[in-house]
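J.: Sequence:
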Amino acid sequence: MSLPNIVAIDGPAGSGKSTISYRLAERYDYLFVDTGIFYRTLTLVALRHGVSLDDELALAELAEATTIDIIPAPMDSHHKSHVFANKQNVTDYIRTSEVEAAVSTVSAIPGVRRALLEKQRSVAKKGMVIMAGRDIGTVVLPNADVKLYVDASLEERAQRRYNQCIERGEDVNYEEIRAALARRDKIDTERTVSPLKIPDDAIYILTDGMTIEETVDEIGQRLEMWQPA
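Straight run, no breaks: the sequence shown in this note's numbering ends on number 229.
If you're looking for bench data, these hints aren't it; they were derived computationally from the structure. Just so you know, even glycine gets a beta-carbon here, dropped at the ideal spot from N, CA and C. Fair warning: there could be bad hints in the mix.
[To be verified] SDA-like, lysine to any residue: derived pairs with alpha carbons at most 20 Å apart:
1. 87 with 115
2. 119 with 228
3. 119 with 142
4. 126 with 105
5. 126 with 67
6. 126 with 82
7. 186 with 167
8. 126 with 29
9. 197 with 151
10. 119 with 164
11. 197 with 181
12. 87 with 36
13. 80 with 164
14. 119 with 193
15. 197 with 104
16. 87 with 62
17. 119 with 67
18. 125 with 228
19. 126 with 199
20. 80 with 167
21. 125 with 105
22. 126 with 139
23. 80 with 90
24. 126 with 146
25. 186 with 53
26. 126 with 2
27. 186 with 36
28. 197 with 29
29. 197 with 105
[Said to hold, decoys possible] Computed beta-carbon distance windows for the label pairs:
30. 96 with 145: 14 to 24 Å
31. 52 with 224: 44 to 54 Å
32. 87 with 226: 31 to 41 Å
33. 166 with 96: 12 to 22 Å
34. 228 with 175: 18 to 28 Å
35. 57 with 100: 33 to 43 Å
36. 77 with 164: 11 to 21 Å
37. 221 with 55: 41 to 51 Å
38. 122 with 159: 31 to 41 Å
39. 166 with 193: 31 to 41 Å
40. 164 with 186: 18 to 28 Å
Using the sequences and the hints, build the whole thing.
T.: The structure is reproduced here in structure tokens:
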């Protein structure tokens, strides 16, 4: 079986693309890279260093100077990967509510995106990579062997996020989660640099009503059917 060397997966927040990508990577022995981690990590570093989220130049310079490493997590870890910022393990801190509230602002800054772009591409050069994000097939890896766009309705994504939070014992409100996702969609699709959009040559997968495993199976069949050009 000949599998594609580089797979690009895009989609909106809460669509399940990261979990799906991770499961595919496990099944077919790919390296999984969630580019959102780069932006979350930089956001955390900025918050810790007191860098103003309104200072685009300072944030871009911080992105240039920050070393971000992503390595596979140990088998006994509940994380998909471990993330290091300037050699410090920040895995447990990049998904806090504080980072969540600020990451869209940071990721929309052109200088930040340019600085992190080459860091992301350098990882893909290793080959046998599944990379997930919001501009992978259009900007980061426009020549990927296979491009996929994993989507779900706003209501479906909000319900999934709500269920996940409830399972973790968090006190959350569905309407607030839905509103937050809608704001994230607006920022991601309307930013001037690398907006979220469906690549012209992407395979579109709508996951409403589908389980993670059903989606993984469908995409897996497509990867197995892939033929080099």
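J.: Are the hints correct? Go through all of them and say.
T.: A quick look at each hint next to the structure:
no., hint, verdict
1, 87 with 115, "18 Å, holds"
2, 119 with 228, "27 Å, violated"
3, 119 with 142, "15 Å, holds"
4, 126 with 105, "30 Å, violated"
5, 126 with 67, "18 Å, holds"
6, 126 with 82, "18 Å, holds"
7, 186 with 167, "27 Å, violated"
8, 126 with 29, "13 Å, holds"
9, 197 with 151, "11 Å, holds"
10, 119 with 164, "31 Å, violated"
11, 197 with 181, "16 Å, holds"
12, 87 with 36, "19 Å, holds"
13, 80 with 164, "16 Å, holds"
14, 119 with 193, "17 Å, holds"
15, 197 with 104, "16 Å, holds"
16, 87 with 62, "15 Å, holds"
17, 119 with 67, "9 Å, holds"
18, 125 with 228, "18 Å, holds"
19, 126 with 199, "23 Å, violated"
20, 80 with 167, "18 Å, holds"
21, 125 with 105, "28 Å, violated"
22, 126 with 139, "18 Å, holds"
23, 80 with 90, "13 Å, holds"
24, 126 with 146, "16 Å, holds"
25, 186 with 53, "18 Å, holds"
26, 126 with 2, "17 Å, holds"
27, 186 with 36, "17 Å, holds"
28, 197 with 29, "28 Å, violated"
29, 197 with 105, "18 Å, holds"
30, 96 with 145: 14 to 24 Å, "35 Å, violated"
31, 52 with 224: 44 to 54 Å, "48 Å, holds"
32, 87 with 226: 31 to 41 Å, "37 Å, holds"
33, 166 with 96: 12 to 22 Å, "18 Å, holds"
34, 228 with 175: 18 to 28 Å, "47 Å, violated"
35, 57 with 100: 33 to 43 Å, "24 Å, violated"
36, 77 with 164: 11 to 21 Å, "18 Å, holds"
37, 221 with 55: 41 to 51 Å, "47 Å, holds"
38, 122 with 159: 31 to 41 Å, "37 Å, holds"
39, 166 with 193: 31 to 41 Å, "35 Å, holds"
40, 164 with 186: 18 to 28 Å, "22 Å, holds"
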